[in-house]
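Make the full structure from the sequences, and use the hints.
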Amino acid sequence: MELKTGSEIDGFTIGECMHVGGMGFIYRVSGPATGFPMMMKVPRLGRAEPTEGVVGFEAEAMVLPTLRGAHVPRFVAAGDLSRTPYLVTEWIEGCTFEPLVQRAPLPPDEVVRVGAALADAVECLHQQDVIHLDIKPGNAILRPDGRVVLIDFGLSHHTRLPDLLAEEMRRAIGTAQYISPEQVLGVRSDPRSDIFSLGVVLYELATGELPFGSPRSITAMRDRLWLDPRPPRASIKDFPPWLQEVILRCLAVRPEQRYPTAAQLAFDLRNPQGVQITARAEKTRRVGFISHVRRWLWASGREAQTAVAPAQQSASAPIVLAAVDTAHLDDDLQQALQGAVLRVIGHAPEARLSCVAVLTGTPVQDGDRPQDTASGMHLDHLVRLRHWAKPMNLSPERLSVHVLEGSDAAKVLIAYARQNHVSLIVIGAANYSEPRLGLGRSITTAVAEDAPCSVYVVRASRPVLAPQD
Numbered sequence: 001m002e003l004k005t006g007s008e009i010d011g012f013t014i015g016e017c018m019h020v021g022g023m024g025f026i027y028r029v030s031g032p033a034t035g036f037p038m039m040m041k042v043p044r045l046g047r048a049e050p051t052e053g054v055v056g057f058e059a060e061a062m063v064l065p066t067l068r069g070a071h072v073p074r075f076v077a078a079g080d081l082s083r084t085p086y087l088v089t090e091w092i093e094g095c096t097f098e099p100l101v102q103r104a105p106l107p108p109d110e111v112v113r114v115g116a117a118l119a120d121a122v123e124c125l126h127q128q129d130v131i132h133l134d135i136k137p138g139n140a141i142l143r144p145d146g147r148v149v150l151i152d153f154g155l156s157h158h159t160r161l162p163d164l165l166a167e168e169m170r171r172a173i174g175t176a177q178y179i180s181p182e183q184v185l186g187v188r189s190d191p192r193s194d195i196f197s198l199g200v201v202l203y204e205l206a207t208g209e210l211p212f213g214s215p216r217s218i219t220a221m222r223d224r225l226w227l228d229p230r231p232p233r234a235s236i237k238d239f240p241p242w243l244q245e246v247i248l249r250c251l252a253v254r255p256e257q258r259y260p261t262a263a264q265l266a267f268d269l270r271n272p273q274g275v276q277i278t279a280r281a282e283k284t285r286r287v288g289f290i291s292h293v294r295r296w297l298w299a300s301g302r303e304a305q306t307a308v309a310p311a312q313q314s315a316s317a318p319i320v321l322a323a324v325d326t327a328h329l330d331d332d333l334q335q336a337l338q339g340a341v342l343r344v345i346g347h348a349p350e351a352r353l354s355c356v357a358v359l360t361g362t363p364v365q366d367g368d369r370p371q372d373t374a375s376g377m378h379l380d381h382l383v384r385l386r387h388w389a390k391p392m393n394l395s396p397e398r399l400s401v402h403v404l405e406g407s408d409a410a411k412v413l414i415a416y417a418r419q420n421h422v423s424l425i426v427i428g429a430a431n432y433s434e435p436r437l438g439l440g441r442s443i444t445t446a447v448a449e450d451a452p453c454s455v456y457v458v459r460a461s462r463p464v465l466a467p468q469d
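Quick note: the sequence shown uses our numbering, first residue 1, plus one each step.
In short, the hints are calculated from the structure, not lab data.
None of these values were measured; they are calculated from a predicted model.
All residues carry an ideal CB built from backbone N, CA and C; glycine is no exception.
Careful, some of the hints might be misleading.
Derived CB-CB ranges, DEER-like [what the hints assert, rightly or not]:
#1 Thr5 / Thr278: 53 to 59 Å
#2 Arg285 / Ala374: 39 to 45 Å
#3 Pro37 / Ile277: 43 to 49 Å
#4 Ser395 / Glu93: 40 to 46 Å
#5 Gly69 / Thr278: 32 to 38 Å
#6 Glu282 / Lys411: 36 to 42 Å
#7 Lys411 / Ile236: 37 to 43 Å
#8 Leu185 / Lys390: 37 to 43 Å
#9 Gly35 / Gln335: 51 to 57 Å
#10 Arg285 / Asn393: 31 to 37 Å
#11 Arg216 / Thr34: 37 to 43 Å
With a cut-off of at most 20 Å between alpha-carbon atoms, the simulated DMTMM-like pairs for lysine to aspartate or glutamate come out as follows [to be verified]:
#12 Lys283 / Asp330
#13 Lys390 / Asp380
#14 Lys283 / Asp238
Here you go:
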């Protein structure tokens, strides 16, 4: 239903119509003081209007009030469905990803920057048990500060709320260019569907093309169940292999072969040196005819599979940070730290382990020997970290090692944990005799007090002394 500029509904004054879409209208509005600009969304109603618009409006009206955080618009009010249906939310300042797509292919650095920000937003949503199910350039707004806000939750699925679209539509629902293979089959409960759609956006930004074109039928959409996309390196010869690895992993047909969480995807985008390179990183063409036939046969019998809730998926695939004192790898504390990390990751088969050492005293001027140079020290401690992590026996895609530098080790660790969605920091207890690369008592305490996640402080076991006569 269209509204007149200047009219008033429940205390909100209707302003300029900002968008007219297939599902409804969006207006700027003013009204009760909220401290931020507002918009009103009104669904299309009447003859020949699709029922998806009304059902999607109902779904969004249920989901939006439950969401919190900087990556979603703030909810203000909802109108009575029996009288005047509307949703009033925060108006997000910024631009959608659509202008970025129009400029594609973008430089890899820009793809990585906005892609990691988009993954942050998806992770925020999944932590609240919501799957967006319509990730695309038009539904992601890039704020001036670089953060991404997701909009339009009409197709979303909330684990703890009724799924009106699944109950009423009972068919593939989504935007054809970005929909995941399992959504084509009618599955709406797998958070890794958003990882696939995010991969389509990354591919489009990186190449200027859509990996599966613009299908116009369900039959054409099913092609993504067996047809792999043309590798970015097929058209861009100097495309970074590690970035192709990341994008093609997102676009894997089987959800279990994609990133288990958006947090792990954001981690790889921000830490390319830790990305495990496989054969797909070097691909310059699609797989051969025989492989496509095998995939087609597999896809022809493919049925919907159940999936775990988004927050549960994130909990089963945490990012664990081990703060390692690489100057004293042989002492009891570091061995105890090793055992503690082994126990932690043993309970989470999809956990990602990030081993971190902090150097607080690299030389200002390089010495004559390689080990007395900043780069030499960095490399030496990197080798030590790999040696320390070797007993973990983790596959390369589950392990990364990082040597960081900074005058305040606690701040360095906390910033790393915050930026990379770390779920747990495992750190050695305070050492009362020396700071040990900054991981001494005050640093351990600061990390435990200020970290954005849980902190597991490990102490070395002490021998029990026999009583003396």
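- CB-CB spacing for Ile236 and Lys411 relative to the 37 to 43 Å hint: The hinted range 37 to 43 Å holds for Lys411 and Ile236, with Cβ atoms some 38 Å apart.
- Query: Holds or violated: 32 to 38 Å for the Cβ distance of Gly69 and Thr278?
  - Reply: At 34 Å between Cβs, range holds.
- Query: Is the straight-line distance between the alpha-carbon of Lys283 and that of Asp330 20 Å or less?
  - Reply: Violated - the C-alpha atoms of Asp330 and Lys283 are around 42 Å apart, more than 20 Å.
- Range hint compliance [Cβ, Arg216 to Thr34, 37 to 43 Å]: For Thr34 against Arg216, whose Cβ atoms are near 42 Å apart, the range 37 to 43 Å holds.
- Message: Hint check: Lys283 vs Asp238, CA-CA at most 20 Å. Holds or violated?
- Response: holds (12 Å)
- Task: Please test the hint of 40 to 46 Å on the beta carbon pair from Ser395 and Glu93.
- Result: holds (43 Å)
- So does Leu185 sit 37 to 43 Å from Lys390, Cβ to Cβ? holds (41 Å)
- For Pro37 and Ile277, compare the CB-CB distance with the range 43 to 49 Å and indicate the outcome. With a Cβ separation near 45 Å, Pro37 and Ile277 satisfy 43 to 49 Å, so the hint holds.
- Should the hint that Thr5 and Thr278 are 53 to 59 Å apart at their CB atoms be regarded as holding? holds (56 Å)
- Task: Take a quick look at whether Lys390 and Asp380 sit within 20 Å of each other, Cα to Cα.
- Result: With a Cα-Cα distance of about 16 Å, the restraint between Lys390 and Asp380 holds, given a limit of 20 Å.
- Message: 36 to 42 Å was suggested as the range; check whether the CB atoms of Glu282 and Lys411 agree with it.
- Response: holds (39 Å)
- Arg285 paired with Ala374, Cβ distance criterion 39 to 45 Å: Hint holds: Cβ distance 42 Å, inside 39 to 45 Å.
Violated hints amount to a single one, hint 12; each of the other numbered hints is respected by the structure.
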